[in-house]
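Let the sequences and hints guide you as you build the complete structure.
One-letter residues, chain by chain:
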Amino acid sequence: MDARRQRLTARLLLLLGVACGIGWLATLDLSHKISTDLLDLIPRDEREPELMFARELATAAHARVAMFVLRAPDEADREAATAAFVASLRAAPEFAEIMTMGDTAAPDALARHLFEHRLDLLGPGWLARRHADWEAAGRPAPWAAWLAETTAARLEAFLARPEAMAFQDLIPADPLLLVPDLVAQVQALAQDPEEIAGRSLIWVRTRDDPLDESAQAPVIAAVDTALAAAHAIEPATTLQWAAISRFAAENRQRIRGELESLNFISFGAVLLVAAVGLRRLYSALHLAPVLLCAVLAAWVGATAAFERVHVLVFVIGSLLGGVAIDYGFYLQLQPPLHLGESYTAKVRRLLKPLLSSALTTVLGFLLLVVSDLPLIRQLGVFISAGLLGALAAALLWFGQMKTAQAEARGFLLRAWDPQRDLGRRIRVAALCAAAGVALVGPWFVRWHDDIRELEALPAAMRAEAEEVRALFGQGPGRTLYITRGATPAEARAALGRFLAEHAAHHPEASAASLGLALPNPDDHTAVVSHRRELADFPARLHEALARHGFEAEAFTPFVEAWTAWLASPPCGYDALVAGLHGALRGALALSFSTEPGASWFATVVDGAPTAFAPKDGATIALNRLESLNDLFTRYRISALRLSCLGLGLVGASVLAIYGLRRGWRIFLLPVGSCLLAFGVLGLLGQPLNLFHLLGAFLGVCLSHNYAIFTAENARWSDHPAPSVRLSALTTAVSFGVLAFSRIPVVAALGSTVALIVAAALLLVELAPPTARLPRGASRA
Amino acid sequence: MTKLHPLLLAAALLAPAMPVGLRADTPAEVEAATLDPEHLDAGWRDLFATLAGHGAVASTFTERRWFSVRKEPVVLRGELRHSPERGLSLRYTEPEEQLMIIDAQGILLRNAAGRSRALKSDPRAPQIDALLLPVLRFDLAALDRTFEIRGTRDGSRWRLDFTPRTPELARTLGQLAVSGEGATVRQLAFSRGPKQRVEVAIETTQTGASFSADEMKRFFR
Chain A
1 MDARRQRLTA
11 RLLLLLGVAC
21 GIGWLATLDL
31 SHKISTDLLD
41 LIPRDEREPE
51 LMFARELATA
61 AHARVAMFVL
71 RAPDEADREA
81 ATAAFVASLR
91 AAPEFAEIMT
101 MGDTAAPDAL
111 ARHLFEHRLD
121 LLGPGWLARR
131 HADWEAAGRP
141 APWAAWLAET
151 TAARLEAFLA
161 RPEAMAFQDL
171 IPADPLLLVP
181 DLVAQVQALA
191 QDPEEIAGRS
201 LIWVRTRDDP
211 LDESAQAPVI
221 AAVDTALAAA
231 HAIEPATTLQ
241 WAAISRFAAE
251 NRQRIRGELE
261 SLNFISFGAV
271 LLVAAVGLRR
281 LYSALHLAPV
291 LLCAVLAAWV
301 GATAAFERVH
311 VLVFVIGSLL
321 GGVAIDYGFY
331 LQLQPPLHLG
341 ESYTAKVRRL
351 LKPLLSSALT
361 TVLGFLLLVV
371 SDLPLIRQLG
381 VFISAGLLGA
391 LAAALLWFGQ
401 MKTAQAEARG
411 FLLRAWDPQR
421 DLGRRIRVAA
431 LCAAAGVALV
441 GPWFVRWHDD
451 IRELEALPAA
461 MRAEAEEVRA
471 LFGQGPGRTL
481 YITRGATPAE
491 ARAALGRFLA
501 EHAAHHPEAS
511 AASLGLALPN
521 PDDHTAVVSH
531 RRELADFPAR
541 LHEALARHGF
551 EAEAFTPFVE
561 AWTAWLASPP
571 CGYDALVAGL
581 HGALRGALAL
591 SFSTEPGASW
601 FATVVDGAPT
611 AFAPKDGATI
621 ALNRLESLND
631 LFTRYRISAL
641 RLSCLGLGLV
651 GASVLAIYGL
661 RRGWRIFLLP
671 VGSCLLAFGV
681 LGLLGQPLNL
691 FHLLGAFLGV
701 CLSHNYAIFT
711 AENARWSDHP
721 APSVRLSALT
731 TAVSFGVLAF
741 SRIPVVAALG
751 STVALIVAAA
761 LLLVELAPPT
771 ARLPRGASRA
Chain B
781 MTKLHPLLLA
791 AALLAPAMPV
801 GLRADTPAEV
811 EAATLDPEHL
821 DAGWRDLFAT
831 LAGHGAVAST
841 FTERRWFSVR
851 KEPVVLRGEL
861 RHSPERGLSL
871 RYTEPEEQLM
881 IIDAQGILLR
891 NAAGRSRALK
901 SDPRAPQIDA
911 LLLPVLRFDL
921 AALDRTFEIR
931 GTRDGSRWRL
941 DFTPRTPELA
951 RTLGQLAVSG
961 EGATVRQLAF
971 SRGPKQRVEV
981 AIETTQTGAS
991 FSADEMKRFF
1001 R
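Residue numbers (the working numbering), protein chains in the order written: chain A, 1 to 780; chain B, 781 to 1001.
Errors might be hidden in some of the hints.
Just the calculated beta-carbon pair ranges, DEER-fashion [claimed, not checked]:
{"hint": "1", "chain 1": "B", "residue 1": "Thr946", "chain 2": "A", "residue 2": "Pro142", "range": "33 to 43 angstroms"}
{"hint": "2", "chain 1": "A", "residue 1": "Ala459", "chain 2": "B", "residue 2": "Asp826", "range": "49 to 59 angstroms"}
{"hint": "3", "chain 1": "A", "residue 1": "Thr225", "chain 2": "B", "residue 2": "Ala989", "range": "53 to 63 angstroms"}
{"hint": "4", "chain 1": "A", "residue 1": "Glu75", "chain 2": "B", "residue 2": "Asp919", "range": "52 to 62 angstroms"}
{"hint": "5", "chain 1": "A", "residue 1": "Ala526", "chain 2": "B", "residue 2": "Asp919", "range": "50 to 60 angstroms"}
Capping the alpha-carbon separation at 25 angstroms, the derived lysine to any residue pairs in SDA-like fashion look like this [said to hold, decoys possible]:
{"hint": "6", "chain 1": "B", "residue 1": "Lys975", "chain 2": "A", "residue 2": "Gly651"}
{"hint": "7", "chain 1": "A", "residue 1": "Lys352", "chain 2": "A", "residue 2": "Glu560"}
{"hint": "8", "chain 1": "B", "residue 1": "Lys975", "chain 2": "A", "residue 2": "Thr556"}
These aren't lab readings, by the way, just hints derived from the structure by calculation.
From the three backbone atoms N, C-alpha and C, an ideal C-beta is built for every residue, glycine too.
Spelled out as structure tokens, the structure:
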């Protein structure tokens, strides 16, 4: 093929590829394709039940809850401002339900329902417990008489307890103490008034899915309007609020901002260093198309391979530029073997190191596709596709140019022998120090996995959310358990088992659940026979109360209620559940679910989370953050295994391509630079996470490229390839800039890659030229 | 359903510290006058200053609770400890061992086995420590914000009647009265009517008491 035809072919292929890529992206609905939902980073088929349930909850009504806290210097002004704020929210169509802590509607509705249906809801459990006591006591008297006597004695003892004063109006209608017993059991569900004093708390349920981008802005605008209404009453009113819609919008905005700025900075840093390192500025611009094609290929690859791609992949993937530029540099800067060497001949000569470095790196990253974590899978495909795109684009771009040669500036071409220039002692000392750090430092590495690092939320907003949630009773001092069942009856039966087990393990901790307002299904069934046996209970109770010093006539309200209860047909379990659920409003309505096939009850346990794990699989601790952090730890370990396997594959490939002796020397550089970087991080006490690990994998692949190019270059030159020096410098600078990102994930990746690349460059420069040359090989 | 009113609960507790039964030895027959903290006569000013300056107090008490459903009052006995810094601690010894602590964090119940239970109340209700602890401290300025205060003296005997300023508080707390002789509080009572009241008779009283570290741990939060 003549040179002109070769250039035309390269140009056409390049244009075709770019057109196909852009065409593919144009067909996509990017708002659907790109997810900003943190939960999309968790596998849909996650094996841990609490995580599956966290996903379900997060996508259900719970995710729609928004919590507001208003403060003002003066209490009267605060109340007026709160009223204006709430009125404004009520006028907005974005909100389905609004409640303030001062709103009596919800607790009153529940209290009224519980009182009116106390014999149906609470009576069966009470009768079952008393009947068990009667059996345990050996049936000392007829059932009704014994029950009446026990009830009177229990009531007498209750009146001597401190809380009795609070129930004195209720006692004539409830001598069985059904309601006081329930109140004592569910105390933990109540808000601590001391904690919320001086604030107005407002609970809101939004109408639309908070993760739907189109629904987020209207919610935020409506809150701004409501705050303006509050400020019109009291300008000093301050608002704190927590809502998934707010955080999702902020997260997305900040990630998008980072995406734009990171791409710009990364791209700019690469071009800047290239411009400094190359004799002609315009030759640096030839790298831009290569980078753009690499990013295009990465986007196409990721979007084609996955139904939804998380936006973090694109943020992290923007670091691809640091790797993709290697091939362009190598093709551009590698001098011709002789004057007039054609591009085809040069490519044929350089193809082995180019393919070796690219394919082994791609192989390593493709291995990540088998990871459990969607983010890692998507990153694996994104970077693999980007690298292949970069290699193809570099080959084609320089292939369609008349001259593809660039010249590096003198400082990049300077030949030096560290042994001669530095002195043997300094070189040995430097190598020993590096070896010491690489061997000792990694032992000091501390791992800390925190899913919140995936968020781009500012620290102040995160702290505000934690404060607001704590005021609404969702602080770290409480543990939430969820007990599930196919039906409400199944879930209630499981709840009974869980509470018994929990009480046995932690008798000092109070566990509260609104599920206790429903009878255990077995007790509900048994109550039919109790009703038959207790027809004369009011008469026996009258006698017993009189014996215990009560004004028996005062209990007429109870006798009337009992008689009416016996006269009415037994209430079905489903009707009981529906009635109770129907009486719940606001946050209380989210304390249990009656969905067919997925019923559950929430239980709040006061006190810090414990290691208590219910034996019954129906109940799970739903400490979501801890669960997700554990998940990240598991995935980090999984990623570590995969990375080691990938590194092993890369090493094996190098050994296969370059032979045992030469391959081992090549492989030593990425391993050594990685250990050196981890050693530095370990000695600095920097806690590491999954993303340091991913950064290390990327850095290893980069240093692997440098090792191959350096080894190949040693055949023709006695100094490191200028492309390696320039590539390492550009990468170190661009990733070093990213180490200052506001997104912890990006900062982790940036700092790790920059360190590994810097370490690789240091090791390359410290190695004497003879060490770079393969033993027995001679320069061409 | 009747709500759990911490104020009523506190009434039961505070009764030991000072339940009110208008007994014959209190100057009830003397016309009580409204007390304006800004314009107290020297007698009342001195009394409030003396009572407020008692510091920590340790007493024994007998509490009588009248319920509309009971023919006779329920009688409880126990020990009262009040620390201006740590709040009020009521240790009931009869008919069953029970400890109740009212402090800035709210109400805490602790049974004989040592198991504690914080009582959380309706957050809409007024804060118990803000309302009732000033009574124990004889913090006139704080009391005047919540109650209309009427007082009467007959020689060394005196009585203070506290009428809540808001209907909600009046409904839940009822009337509160404290009576005594000289610098000693003798009686405290809460009343929501003739059949619903709590009277606490203060028996031995030690003012300026100092509680050991062990007592602080046992009887306070």
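Structure-based check of all given hints:
1. Range check, threonine 946/B to proline 142/A: about 51 angstroms between beta-carbon atoms, so the 33 to 43 angstroms window is missed.
2. Roughly 55 angstroms separates the CB atoms of alanine 459/A and aspartate 826/B, a value that falls within the hinted 49 to 59 angstroms.
3. In this structure the hint that threonine 225/A and alanine 989/B lie 53 to 63 angstroms apart at CB holds, the actual value being about 57 angstroms.
4. The hinted window of 52 to 62 angstroms between glutamate 75/A and aspartate 919/B is violated, with their beta carbons roughly 19 angstroms apart.
5. For the pair alanine 526/A and aspartate 919/B, the supplied restraint of 50 to 60 angstroms holds, since their beta-carbon distance comes to about 55 angstroms.
6. With a C-alpha separation of about 90 angstroms, the suggested pairing of lysine 975/B with glycine 651/A is violated against the 25 angstroms cut-off.
7. A hinted pair counts as satisfied when its Cα atoms are at most 25 angstroms apart, and lysine 352/A with glutamate 560/A does not qualify at roughly 95 angstroms.
8. Distance check on the hinted pair: lysine 975/B and threonine 556/A sit about 17 angstroms apart at the alpha-carbon level, within 25 angstroms; holds.
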